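K.L.:
Now for the letters of each chain:
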Amino acid sequence: MPDIQIPSIDLGVSLQLLIIFGGAMVLLLADLFSGEGNKRIVGYIALLFVVGAAAAGVPYWDAPRSTFNGMLVLDNFALTLNWIFLLSTAITILISLEYLPRQGIERGEYYALLLFALGGMMLLAQGTDLIVLFLGLELLSITLYVLAGFAYPRLSSEEAAMKYLLIGAFAAGFLVFGIALLYGATGTSSLAGIANKLGSGLAADDVAFMLAGAALVIIGFGYKISMAPFHMWTPDVYEGSPTPVAAFMSVGTKGAGFAALARLLLVALGSQYATWGLILAILAAVTMVIGNVSAVAQTNVKRMLAYSSIGHAGYILMGVLSAGSPAAANRGIEGFLFYLLAYSLTNLGAFAVLIALEQRGEAAWSLDDFAGLWHRQPFLAIAMALCMFSLAGVPPTAGFWGKFYVFTAAWEAGLQWLAVVGVITSAIAAFFYLRIIVQMFMRDPVREISPSLDRNLMIGVGLAALGVIVFGISPTPVIDLVQGSVLALSR
Amino acid sequence: MNQLGFPLLSLVLWLPTLGALALLFVPRDSIGTQRTVALAFALAALAVSLPLYFAFDASSKGFQFAEAVDWVRSWGISYNISIDGVSLWLVLLTTFLTPITLISTWDSVHKDFRSFQILMLLLETGMIGVFVAQDLFLFYIFWEFTLIPMALLIGIWGSANRVRAAVKFFLYTFAGSVFMLLGIIALYLLNRQATGTPTFDIAILQANIANGTLKIDPTVGRLLFASFFLAFAIKVPLWPFHTWLPLAHTEAPTAGSVILAGVLLKLGGYGLIRFNLQLFPEAARWAAPAIGVLAVIGILYGAMVSFAQTDMKKLVAYSSVSHLGFVVLGIFALNQQGISGAILQMINHGLSTGALFLVVGYIYERRHTREMAAFGGLWKVMPIYGGLALAMVMSSVGLPGLNGFVGEYTIMQGAYLSDALGGAFVAFAVIGVILAATYLLRMFRLTFMGDVTNPENATLSDITPREIALLVLLLVPIVVIGVYPNLLFAPMQPAVEQIAQQLTSVVASIR
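Residue numbers (our numbering), protein chains in the order written: chain A, 2 to 492; chain B, 12 to 522.
It should be emphasised that the hints constitute simulated quantities derived from the structure, not laboratory data. Remember, predicted model here, so these are calculated numbers, not experimental data. C-beta: ideal position from N, C-alpha, C; glycine also. You may find that some hints are simply not true.
[To be verified] Label-pair ranges, simulated between beta-carbon atoms:
hint	chain 1	residue 1	chain 2	residue 2	range
1	A	471	B	497	25 to 35 Å
2	A	49	B	206	46 to 56 Å
3	A	367	B	40	57 to 67 Å
4	B	33	A	327	26 to 36 Å
5	B	40	A	13	35 to 45 Å
6	B	251	A	301	29 to 39 Å
[To be verified] If you only want the chain A side, here are some residues facing chain B, beta carbon under 7 Å, derived:
hint	residue
7	408
8	412
9	428
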C-alpha cells in the first residue's frame with residue numbers, strides 16, 4: 002500500500018476562507034458570552050471579520066495560485082467574486098442589526114450562520130473541483146435552510162424553510178448524480194482534468210454519460226440561480242424568509258451559483274459550447290420572460306422583487322453563456338461580474354428600503370406602503386428610486402452599464418436574438434419598477450407607516466444607493482477590475 | 012481644445028445641475044430664495060450660452076467648441092461634446108426657454124416648489140446634453156436621463172389623470188429607446204470589427220460609413236435605421252406613435268408642457284437628423300417616402316383631431332402632432348431646404364407652442380377650467396392677454412411675417428424639390444396648414460371673441476406684468492425670425508449643406 006501523500010498546502014489561497022470560517026466559530030462563542038438582548042455586538046464582530054477577509058485578499062490580486070492538489074484556486078476571478086460576496090454580506094449584516102430585534106427574532110447564531118453561508122459562497126467561487134463545489138453548495142444551502150426559517154414561529158417563514166429544504170434536496174440530488182456521471186465518464190472530478198479529458202476525446206458511450214452528467218449538474222445549479230424552469234420556489238421562499246435573509250439569498254446564493262456554473266461551463270465544458278450554448282441561451286430567454294412578465298402582476302413588493310430577481314438571473318446567465326463563445330470570451334465574463342456587482346448592490350438597497358418600511362408582526366409588503374414615501378422619508382425614497390432605475394437599467398446607474406455589458410457580450414457571441422429578448426423584457430420590467438416610483442413620488446400616503454431609521458440600516462441603504470449611482474457615473478474602476486478578472490479563466 | 016481655449020460648452024451644460032445641487036442647500040420653506048437661486052443658475056446658463064452664437068463660426072460646417080475627455084477608455088467612450096449648425100439653435104432654445112418656464116412656475120406651482128425647480132434644472136442639463144453629445148454612448152445616457160425628471164414633473168405636479176400620463180410617457184419612450192440601445196451596440200461592434208478600434212465617436216462612425224471603411228449590409232443598415240427611428244419617432248412623436256403625447260401634454264403642469272413641447276419633442280427631430288440621416292443615408296433614402304406618408308397623415312390627423320377638441324390644452328397638444336409632422340416631412344425631404352426648414356420649424360414650434368401652453372396655463376390658473384365653452388369674450392375683460400394670445404395663435408397658424416410661415420414654407424419647398432418626396436406630399440401638407448388656421452382661429456374665436464356670456468369671466472382682471480413679460484419675451488424671437496429668418500438660417504447652412512450633400516452622394520453612389 003502506497004503511503005498517503007500529503008500535498009503541500011498554500012494557506013494563502015484559503016486565507017480568506019480561514020478568516021471567515023474562523024470568524025464564524027468565534028461568533029458562536031461570542032454569542033454565548035453576550036447577554037440576552039445584546040446580540041448586536043455579535044453582528045459588529047461579524048462585520049469586523051468580513052472587512053478583515055476583504056482586506057486579506059488584496060495582496061493576492063494578480064498572483065493566481067492553487068492548493069490542495071488544485072482543488073482550490075485564488076485567481077483574480079475568484080478574488081473579485083469573493084469581494085462581491087463580502088460586500089453583499091457586509092450590507093446584509095448592516096441591514097439585519099436592527100431588523101432582528103425589531104421583529105423579535107434576535108439570536109446570536111444568525112451572524113455565525115451568515116458567515117458560514119458566506120464561506121460556502123467563497124468555496125463556490127474558488128473551487129476547481131466538483132467535490133469542492135458540492136461542498137460549498139451544501140454548506141451554503143444548509144445554513145440558508147436555517148436562516149429562511151429564522152422568523153419562527155411565523156408560519157410563512159417555516160413554510161419558506163421547508164420549501165427551500167425540499168427543493169434544495171432535489172437540487173443536491175441532481176448535482177450529485179451529475180457529478181457521479183461526469184466522474185464516470187471522465188475519471189476525474191477536477192474541472193481542468195475534465196477539460197483535458199474532453200480535449201483528448203472520449204469514447205462514444207462516455208460522451209453520452211458526460212452529456213447527461215453535465216445536464217444534471219447544470220440543473221442542480223439552475224435551481225440555485227433560479228433559472229427557469231427551476232425557479233418556482235423563489236417567490237415563496239423570498240416572501241416567507243426574514244427580509245434580510247431574502248436579500249442575502251437573492252444576491253448571494255445566486256452569485257455563488259453563477260460563479261460555480263461559470264467555472265464549470267467555461268473551464269470544464271468549454272469545448273462543449275456548441276452543445277450547451279444554445280440550450281442555455283433559450284433558458285436564459287425563458288428566464289427573462291417569465292421573471293419579468295410575472296413580476297408585472299405582483300402587488301406584493303417582496304414577491305415582485307423575487308420575480309424580478311428571476312428576470313435578472315436571465316441577464317446574468319446571458320453574460321455567462323456568452324463567455325462560452327470564443328468571440329465574446331472575455332466580454333462575457335466581464336459582463337457577468339459587472340452585472341453581478343451592480344445587481345447585488347441594487348437589490349440589497351431595494352430590500353434594505355423594504356426592511357425600513359417593515360412593521361413588526363406584519364407579513365404584508367403592499368405597494369401601498371410606499372405611497373407618499375417621498376414626502377415622509379425623502380432619503381429612503383431617493384435611494385429606492387435609484388435602485389429601481391438601476392434594476393430597470395436606466396442611466397446613469399450601475400444597472401444600466403451592467404445591461405449594456407451583457408447585451409454587448411451576447412451580440413458579440415452571435416446571439417443577437419437573445420439581446421433582443423433582453424431588450425424587450427427590460428422594457429416590460431420598466432413598468433413594475435416604475436410603479437414603485439409612482440407610489441413613492443406621485444401618490445399620497447394610504448396609511449401611517451413609521452419607518453425604521455436606525456443608523457446601521459441607513460448606512461446599508463446609503464452604501465448600496467451610493468454604489469449604484471457612483472458606479473453609474475464612473476464605472477471605470479469596476480470595468481478595470483472585471484477586465485483584470487478574466488485573465489485567469491483561460492481555457 | 013476649442014477656439015476659445017475654455018470649456019464654455021461644459022459650463023452651459025452643467026450650470027443647471029450645479030443650480031440643482033445648490034437648491035438642495037436652500038431650506039425647504041424659503042420659496043423666495045429658491046426662486047432666486049434656480050432662476051440665477053438658469054439665467055447664468057443662458058448668459059454663457061449666448062457667446063456660443065457670437066463666437067460661432069458661421070462659415071464652418073464642422074463641430075465647434077469641442078471638448079473631449081476619455082471616460083471609459085477601453086470601450087472607446089468619451090465625454091465628447093461640441094455643437095454644429097444643427098444643434099446651435101436647439102441649445103439656445105433650451106437655455107432661452109428654461110428661465111421663462113421657471114418664472115412661470117412662480118404663479119403656478121403650489122406644492123413642493125424646490126423639487127420642481129431641481130427637476131427642471133436637471134432636465135435642462137439632460138436636454139442640452141442630448142444636443143451637444145458627440146459620443147453615441149454619452150448621447151444615449153443624456154437621452155434616457157431626460158425621461159426621469161420629465162416623468163416626475165408630470166406625475167407629481169400634473170392634473171387629475173397625471174399618474175397615468177407619467178407612466179405612459181415613461182414606458183413609451185423607454186420602450187423606444189431600448190431598441191436604440193441595441194442599435195448602438197450593433198453599430199459599435201460592427202465598427203470595431205471593421206476597424207479594430209472601439210469607439211462611440213459619432214463623427215468617426217459617420218466618416219467610416221461615408222468613406223466605406225465600415226460597410227454595412229443594406230438589410231442590417233435598414234434594421235439599424237429602424238432601431239434608431241423607432242426611438243426618435245416616438246419622441247417626436249410621429250403618427251402612429253403619438254398616443255402618449257396628448258395625455259402627457261394635457262396632464263402636465265404648465266411649465267412641464269412648455270418644456271415638453273418646447274424642447275423635449277425636438278430631441279426626436281434632432282436625433283433623426285443627426286443619426287438616421289447621417290449614419291444611414293442609404294436606408295434613409297429607402298424609407299423616406301414611407302416616412303413622408305406617415306408625416307402627412309400626422310399633419311392631417313393632428314389637425315382634424317385638434318378641430319374636434321373642446322379643451323384648449325388638448326387642442327394645442329394635438330396641434331403639436333400636426334406641426335411636428337411638418338418637421339419630419341422636412342427632414343425626410345433629404346435636401347438642404349427641407350432639413351433647414353425642419354430645424355427652423357423645431358425652433359418655431361418650441362417658441363409658439365410653448366407660448367400657447369403659457370396662454371392656456373394663465374387662464375387655467377384663474378378659472379381652473381380649460382373648456383372653451385366656459386369662456387367667450389375674454390378680449391373685452393383682458394385686452395392685453397387677448398392681444399398677446401392672438402399673436403401666438405397667428406405665429407402657430409403660420410401668418411406671413413411671423414416665424415411659423417417661414418418654417419412651413421421652407422419645408423414645403425424642400426418636400427416639393429425632393430426626389431424622395433414630391434408635389435403630392437406638399438399638396439396634402441398644404442391642407443394641414445389650412446386646417447391649422449381653422450382650429451386655432453376657432454379656439455381664439457370661442458374664447459376671446461364675442462360677448463362675455465359667462466358671468467364668472469366678467470370679473471377677471473388682465474394678466475400680471477410678469478405674465479405679460481414672459482409672453483413678450485417669446486414674442487420677440489417670433490417676430491424677429493418672421494422678419495429676418497436668415498439670422499437663424501445663416502449659421503446652420505454649412506452644416507446642413509454638408510448633410511444634404513452627403514445624402515445625395517451616398518444615394519447616388521448606390522444607384
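K.L.:
Where does the structure disagree with the numbered hints, that is, which hint numbers, in rising order?
P.N.:
1, 3, 4 and 5
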